[in-house]
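Chain by chain, the residues:
There are 2 protein chains.
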Amino acid sequence: MKTPRTLLISCALHLAFSSLGHADEIIFSTSAGDVALSSVANNLEYPWSLAFLPSGEMLVSERPGRLRLVRNGRMSPPIGGLPAIFAKGQSGLLDVVVARDFTHSRIIYFCYGEGADGGARLAVARARLLADESPRLDHVETIFHQIGPVTRGLAIINIGCRIVEAEDGNLFVTLGDHAANSRQALPAQSLDNHLGKIIRIRPDGTSPPDNPFLGTHDALPEIWAFGLRNPEGLAFNPATGELWEQEHGPMGGDEINIISRGNNYGWPLVSYGRNYDGSPVGDGKQKGPGLVDPIWYWAPSLAASGMMFYTGNLFPGWKGSLFNGGLKSKLLSRLVLDGHRVVSDERMLEGLNERIRDVRQGPDGAIYLLTDNKEGRILRMAPRKG
Amino acid sequence: MKTPRTLLISCALHLAFSSLGHADEIIFSTSAGDVALSSVANNLEYPWSLAFLPSGEMLVSERPGRLRLVRNGRMSPPIGGLPAIFAKGQSGLLDVVVARDFTHSRIIYFCYGEGADGGARLAVARARLLADESPRLDHVETIFHQIGPVTRGLAIINIGCRIVEAEDGNLFVTLGDHAANSRQALPAQSLDNHLGKIIRIRPDGTSPPDNPFLGTHDALPEIWAFGLRNPEGLAFNPATGELWEQEHGPMGGDEINIISRGNNYGWPLVSYGRNYDGSPVGDGKQKGPGLVDPIWYWAPSLAASGMMFYTGNLFPGWKGSLFNGGLKSKLLSRLVLDGHRVVSDERMLEGLNERIRDVRQGPDGAIYLLTDNKEGRILRMAPRKG
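Going down the list, the protein sequences come from chains Z and Y.
Under the working numbering, the residues of the first sequence are numbered 1 to 386, in order.
Under the working numbering, the residues of the second sequence are numbered 1 to 386, in order.
I should point out that these hints are in silico values taken from the structure, not numbers from a laboratory.
From the three backbone atoms N, C-alpha and C, an ideal C-beta is built for every residue, glycine too.
Treat each hint with caution, since some may be false.
What the hints assert, rightly or not - Result set (EDC-like, lysine to aspartate or glutamate): computed pairs, CA atoms no more than 20 Å apart in a straight line:
hint: 1; chain 1: Z; residue 1: Lys-88; chain 2: Z; residue 2: Asp-132
hint: 2; chain 1: Y; residue 1: Lys-374; chain 2: Y; residue 2: Glu-45
hint: 3; chain 1: Z; residue 1: Lys-319; chain 2: Y; residue 2: Glu-45
hint: 4; chain 1: Y; residue 1: Lys-88; chain 2: Y; residue 2: Glu-375
hint: 5; chain 1: Z; residue 1: Lys-319; chain 2: Z; residue 2: Asp-338
hint: 6; chain 1: Y; residue 1: Lys-319; chain 2: Y; residue 2: Asp-338
hint: 7; chain 1: Y; residue 1: Lys-319; chain 2: Z; residue 2: Glu-350
hint: 8; chain 1: Y; residue 1: Lys-328; chain 2: Z; residue 2: Glu-350
hint: 9; chain 1: Y; residue 1: Lys-385; chain 2: Y; residue 2: Glu-25
Unchecked claim - Facing chain Y, according to a computed beta carbon distance under 10 Å, are these residues of chain Z, among others:
hint: 10; residue: Ser-31
hint: 11; residue: Phe-213
hint: 12; residue: Phe-236
hint: 13; residue: Met-251
hint: 14; residue: Leu-269
hint: 15; residue: Trp-296
hint: 16; residue: Tyr-297
hint: 17; residue: Ala-299
hint: 18; residue: Pro-300
hint: 19; residue: Arg-334
hint: 20; residue: Val-336
hint: 21; residue: Val-342
hint: 22; residue: Ser-344
hint: 23; residue: Asp-345
hint: 24; residue: Asn-373
In isolation and in its complexed conformation, chain Z is listed as follows (with noise of 0.2 Å):
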């Protein structure tokens, strides 16, 4: 039998680990009190996204354009049945999310970006997972393809992108800007085309009949709200109901954002942050006529992706509590919310040095974090034992 090694890492001394490497087990200091860090799974490419399925099994998205079930820690070969995933720069295979009914329909859906123009556009499919022995996909079906200025000329990055399923089954889904906005150009905040957007999408790809902007001249039917950025994290409140969204800004300017109905957020008109290269974003003020403010933002920025609501029983002191992965910043954000008011933020995992691209709960209330990496790994994270 082999015997478990444990490694404790200071916060405070921020101590650089490559990898789990050798160790079994991390044990880092939060305020819940130390809790330990196990490898699932190793060995993924760029993993990007993590759904759980009512079995307890994980599929994982690896962003060259793979998709994995994870069951009883074995990893199976890649699902066959994708569609054809440019990936390339940030894209490739993104967001997967599976059915609230996936019991009984076996639907599942997933992001990904689409070779166009010789540019990156991102789309959205519907198909049924068949999870026996082997998995595999079946009626896999594009339900929706993205508009707008995605041409060989742009780097292929911000491109989002996150979805989630309402409760009356409609889906939200997170567009980003592809850092096409420019002098000349702003799309973002523009409605004739799907960047820096999020929609709102009916199962098989059509727009519900109260979307805001349908009876508007120019306006594409499935936009929800705009004036987005990098918008790489997307989860309902289970507290409020409120859509909210973690936008991956400027330098200084990752966000929370509440997302209503037709409100503009100000991208690339207003920003917290500031450009890479120092110069301010847009006219540099906060505020603007018309446009939302986000409740929260990182200074210095996390590079974020990945939010998920706290719900389980296994840190009772996190319910409620807003967690956000970090790229660039390589740690875990808490934030403690009252309403609408951020009242700390707590970051943990920093000493870990790996880059955080998701972040989810399990059924057994552990947190599930995926590191971004060539050899990329889902963690696990629980309670110290003993």
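Model the placement of chain Y on the given structure of chain Z, informed by the hints.
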């Protein structure tokens, strides 16, 4: 001519510098661009408080019981005329403030520990500062003596103390709980003593007639608010006129409170933090009947000391922000405010590796810091030139 040398420190690297040492400036990257830290005065033994005179000269207290004037970058010898100061543990010469009418009155106030029953009791004194060629004190008068169970057995910690002068000339003074709360007694919750309180006194130490507990049986007339632990920051919010307090709490429980007449801030019945042995504080709840919640807390703790609302022109983007010094955390926290909401917490100067005891705004709009060391110093933070 000496050539200035410059060190560039990245926050992300968390490099450890034990002192400014051989560099004339240290550069840090912040949301306001690069800032330069330079040393204004060195070789101060545990400097505690910094106060500017209308002339731009600075008074600086050293905890072992010295007060000095800094004039044109040169430090005076210890100013004579201080009362007997009990310097042990966290007791000694603490806060010093300059009266609003100093130009005419020459009045300063300071807070210090008196030896009593083998422990430390806080006292507040008023004096006239004669600051000609050789500065000295005159008309020194102790206007307040702390009452409370401060005895030989207690460790000399959680002392407080900060003083602010209101526009009407009355003084608000924070007084720590001396870690005197126990299973047997909760002095911070009792009005018959001055532990864990904010008091309000006239310049002569008497109680204004509208103090909240003047008519209350067994209550001390100076008390303005109670239920505090170790308040080491106090300032009026210039945007609202409210008195804000920074609480050096237990582990994970450093807080920002808005202080109102007669309120109970809950210590040690409730706290977001935990005792340093990991056990919960009080009943572990975060809210209680009749208790006022903080608007913010830090997790992990800053080990906060020194608080300042920035109103200067040197950092236009930081106007209205609330700066907080960190001792154990060795950083400076800038809270961005939207009324009573904190919308961001920028943590800067990580990598300086200095405990920060006090933070003040200079008449030049620069930000001045005191480092908490046997060889402490006054640091000036300003935008990097060129």
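Against the structure, the hints come out as follows:
Of the pairs offered as hints, the one joining Lys-88/Z and Asp-132/Z is violated, with about 32 Å between alpha carbons and a cut-off of 20 Å exceeded. Taking the CA atoms of Lys-374/Y and Glu-45/Y, the gap is near 4 Å; set against the 20 Å cutoff, the hint holds. Simply put, Lys-319/Z and Glu-45/Y have alpha-carbon atoms about 45 Å apart, too far for the 20 Å limit, and the pair is violated. This hinted pair checks out: Lys-88/Y and Glu-375/Y have alpha carbons roughly 17 Å apart, not beyond 20 Å.
A distance of roughly 12 Å separates the Cα atoms of Lys-319/Z and Asp-338/Z; the hinted pair therefore holds under the 20 Å criterion. As the CA atoms of Lys-319/Y and Asp-338/Y are separated by approximately 12 Å, the hinted pair is consistent with the 20 Å bound. Our distance criterion of 20 Å between C-alpha atoms is broken by Lys-319/Y and Glu-350/Z, whose separation comes to about 30 Å. At most 20 Å may separate the alpha-carbon atoms for a hinted pair to count; Lys-328/Y and Glu-350/Z meet this at roughly 17 Å.
As the CA atoms of Lys-385/Y and Glu-25/Y are separated by approximately 11 Å, the hinted pair is consistent with the 20 Å bound. Because the beta carbon of Ser-31/Z sits about 5 Å from the nearest beta carbon in chain Y, less than 10 Å, this interface hint is met. Given the 10 Å rule on beta carbons, the hint for Phe-213/Z is violated: about 29 Å separates it from the nearest Cβ of chain Y. At its closest, the beta carbon of Phe-236/Z sits 22 Å from a beta carbon of chain Y; the interface hint therefore is violated under the 10 Å criterion.
The interface hint given for Met-251/Z is met, as the beta carbon of that residue sits about 9 Å from the closest beta carbon of chain Y, less than 10 Å. Proximity of Leu-269/Z to chain Y is violated relative to the hint, the smallest CB-CB distance being about 17 Å (cut-off 10 Å). Evaluation of the Trp-296/Z hint against chain Y yields a held restraint, the C-beta minimum of about 6 Å falling below 10 Å. Interface hint status for Tyr-297/Z: upheld, as the beta-carbon distance to the closest one in chain Y is roughly 5 Å, under 10 Å.
Annotation: interface hint on Ala-299/Z holds; nearest CB of chain Y at approximately 4 Å, less than 10 Å. Evaluation of the Pro-300/Z hint against chain Y yields a held restraint, the C-beta minimum of about 7 Å falling below 10 Å. A cut of 10 Å between beta carbons decides the hint on Arg-334/Z: the least distance to chain Y is about 8 Å, and the hint holds. The restraint placing Val-336/Z at the interface with chain Y holds, with a minimum CB-CB distance near 8 Å, inside the 10 Å limit.
Hint status for Val-342/Z: holds, given a least beta-carbon distance of 7 Å to chain Y, under 10 Å. About 5 Å separates the beta-carbon of Ser-344/Z from the nearest beta-carbon of chain Y, less than 10 Å, and the hint is met. About 5 Å separates the beta-carbon of Asp-345/Z from the nearest beta-carbon of chain Y, less than 10 Å, and the hint is met. At a threshold of 10 Å, the smallest CB-CB gap from Asn-373/Z to chain Y is about 18 Å, leaving the interface hint violated.
Of the hints listed earlier, those the structure fails to meet are numbers 1, 3, 7, 11, 12, 14, 24, in rising order.
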